[in-house]
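K.L.:
Whole structure, please, built from the sequences with the hints as guidance.
Following numbering that gives the first Met the number 0, the numbering of the sequence shown begins with 0 at its first residue and continues without gaps.
Everything labelled a hint here was simulated from the structure, so no lab data went into it.
Mixed in with the good hints, there may be bad ones.
Claimed, not checked - Distance windows between CB atoms, simulated:
| no. | residue 1 | residue 2 | range |
| --- | --- | --- | --- |
| 1 | E85 | R13 | 36 to 46 Å |
| 2 | G32 | A68 | 21 to 31 Å |
| 3 | P195 | R50 | 24 to 34 Å |
Said to hold, decoys possible - Listed below are the simulated EDC-like cross-link pairs for lysine to aspartate or glutamate, each with C-alpha atoms no more than 20 Å apart in a straight line:
| no. | residue 1 | residue 2 |
| --- | --- | --- |
| 4 | K31 | D107 |
| 5 | K59 | D69 |
| 6 | K59 | E85 |
| 7 | K59 | D34 |
The C-beta atom is built at its ideal place from N, Cα and C for all residues, glycine as well.
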Amino acid sequence: MSSRPEVTMAQRKRQLVSSELTEAALHLLALKGFDAVTIDEIVTTAGVSRRTFFRYFASKEDVVVQFLADMGTGMRAELAARPVGERPSVALRHAVRVPIAACADHSDRALRVVQLILGTPALLARFLERQAQWRDELTAELARRLGLDPDTDLYPRLAAGMALTAFDAVLHRWSGSDGAEDPAELTDRAFAVIAPALDAGER
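P.N.:
In structure tokens, the structure reads:
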């Protein structure tokens, strides 16, 4: 029993350091560009050592990859939590709203990071890798919800792909407008376009 508070405090400290490093890195990267920022600048801004940085991240690219991982956390869980029998277009729209809401909650920083990712080929490649993972997760969950076999039925993978294409389009539009457009409203408009195909093809 006595060790639990110590573990909790250690975890809290670790999370705090990780958050401070992430905040410092993303701020600098978004401000100066990916190639212009050094790890030394990041650790100086965060007030930690290089050794501490490498305890949390393998590289400055890794900081952005972690941001992407956090962005997509909860999409599959949200899809799984949607009411049984809900139209696929509605369930998938709510799933995609998870990362969109994360962007909206940290709009200025998130916008700069999204612009950084979309404008940096190495980061964009990692983003596309992450989207492929999200597509696999959404495919599996959609197949489970609908009682379909993801290995033989085309619908789950196509539907997941359409949902993430809508997500990608929203990010590009939001980024291109420099944050002037509302990402939640853009998401609704994007899904209004693809909803007929999503809902017509579920069976």
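K.L.:
For each hint, tell me whether it holds in the structure or not.
P.N.:
For each hint, the structure was consulted:
| no. | hint | in the structure |
| --- | --- | --- |
| 1 | E85 / R13: 36 to 46 Å | holds (38 Å) |
| 2 | G32 / A68: 21 to 31 Å | holds (22 Å) |
| 3 | P195 / R50: 24 to 34 Å | violated (55 Å) |
| 4 | K31 / D107 | holds (15 Å) |
| 5 | K59 / D69 | holds (16 Å) |
| 6 | K59 / E85 | violated (41 Å) |
| 7 | K59 / D34 | holds (10 Å) |
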